[in-house]
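Student: Using the sequences provided together with the hints, build the complete structure.
In order, the protein sequence lines correspond to chains A and B.
Sequential numbering of the first sequence, starting at 1, is according to this note's numbering.
Sequential numbering of the second sequence, starting at 1, is according to this note's numbering.
If you are wondering where the hints come from, they were derived from the structure by calculation, not from laboratory data.
We treat Cβ as the ideally placed atom computed from N, Cα and C, and that holds for glycine.
Mixed in with the good hints there might be a few duds.
Computed footprint of chain A on chain B; a stretch qualifies when at least three of its residues, placed anywhere within it, have a C-beta under 8 angstroms from a C-beta of chain A [unchecked claim]:
#1 16 to 27
#2 89 to 95
#3 104 to 114
DEER-style ranges, computed between Cβ atoms [said to hold, decoys possible]:
#4 A/23 / B/60: 14 to 22 angstroms
#5 A/38 / B/88: 45 to 53 angstroms
#6 B/133 / A/28: 34 to 42 angstroms
#7 B/41 / A/28: 27 to 35 angstroms
#8 A/32 / B/150: 44 to 52 angstroms
In silico negatives: residues of chain B with every beta carbon more than 12 angstroms from chain A [claimed, not checked]:
#9 68
#10 121
#11 131
As a plain string of letters, each chain reads:
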Amino acid sequence: MTQDRDLRLMLDGFFADGAARAPDRLMLVVTDRIEHQGQRPGGSSAGT
Amino acid sequence: MNPRVDGLFALAQRILRDVDRAEDALQDALVIAWRDLRGLRDPDRFDAWLRRVVVRECIDQATRERRRVANLRVLPIDGPAAPDDLLTLADRDQLERGFQRLSPEQRAILVLHHFEGYPPSEIAEILGIPPGTARSRLHHAHRAMRAALDADARLATAGGQSA
Numbered sequence: 001m002t003q004d005r006d007l008r009l010m011l012d013g014f015f016a017d018g019a020a021r022a023p024d025r026l027m028l029v030v031t032d033r034i035e036h037q038g039q040r041p042g043g044s045s046a047g048t
Numbered sequence: 001m002n003p004r005v006d007g008l009f010a011l012a013q014r015i016l017r018d019v020d021r022a023e024d025a026l027q028d029a030l031v032i033a034w035r036d037l038r039g040l041r042d043p044d045r046f047d048a049w050l051r052r053v054v055v056r057e058c059i060d061q062a063t064r065e066r067r068r069v070a071n072l073r074v075l076p077i078d079g080p081a082a083p084d085d086l087l088t089l090a091d092r093d094q095l096e097r098g099f100q101r102l103s104p105e106q107r108a109i110l111v112l113h114h115f116e117g118y119p120p121s122e123i124a125e126i127l128g129i130p131p132g133t134a135r136s137r138l139h140h141a142h143r144a145m146r147a148a149l150d151a152d153a154r155l156a157t158a159g160g161q162s163a
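Tutor: Written out as structure tokens, the structure is:
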């Protein structure tokens with residue numbers, strides 16, 4: 001099972017299975033939270 | 001739901017292996033992204049930047065969780081495997097246990113490569129590390145996963161022999 005060539009294929013299959021959609025409430029909660037959250041001025045942190 | 005948010009949620013769920021923790025991590029990441037948005041110098045790199053914020057938050061949450069929970073456990077995933085899936089249930093359980101043994105960053109790198117399909121150069125951009133470092137860390141993540149699976153197989157063999 002742990003042969004090098006097989007491991008990559010197995011990981012592809014392993015990660016293919018799982019959640020595909022975010023819960024509907026997620027953006028409602030985020031929107032509510034950012035209403036109380038200020039923004040940092042440009043040029044700080046996060047990079048890119 | 002926004003397809004971009006769905007994609008980020010799927011990414012978080014695969015790193016954290018739990019829908020509730022993925023939801024918490026993505027909520028926190030989106031609030032952080034909003035807070036730091038003005039720090040984004042190149043708008044064309046918004047997607048990579050946002051992925052970086054989400055992956056960092058997942059790594060942070062997985063690190064906190066790792067400290068809190070000493071024992072390994074298999075977490076449920078959302079949705080059953082297809083009947084004609086290439087992986088058997090035993091393979092999937094073994095992969096789940098092996099994956100849980102990896103460091104949070106190794107988990108994130110494997111998900112970015114095998115689920116998102118990113119080459120090391122793009123993983124480097126998302127994680128904010130040099131491409132050579134991303135290539136090396138991906139190699140080490142594969143090696144760690146192989147070692148975790150081998151250790152799991154040895155445990156299973158030892159358990160079978162002692163039973």
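Student: Taking the hints in turn, state whether each one holds.
Tutor: Hint check results:
1. 16 to 27: holds (count 5)
2. 89 to 95: holds (count 4)
3. 104 to 114: holds (count 3)
4. A/23 / B/60: 14 to 22 angstroms: holds, 21 angstroms
5. A/38 / B/88: 45 to 53 angstroms: Given about 51 angstroms between the Cβ atoms, the range holds.
6. B/133 / A/28: 34 to 42 angstroms: holds, 38 angstroms
7. B/41 / A/28: 27 to 35 angstroms: holds, 30 angstroms
8. A/32 / B/150: 44 to 52 angstroms: holds, 47 angstroms
9. 68: Consistent with the label, residue 68 of chain B stays out of reach of chain A, its closest Cβ about 22 angstroms off (over 12 angstroms).
10. 121: holds, 15 angstroms
11. 131: holds, 15 angstroms
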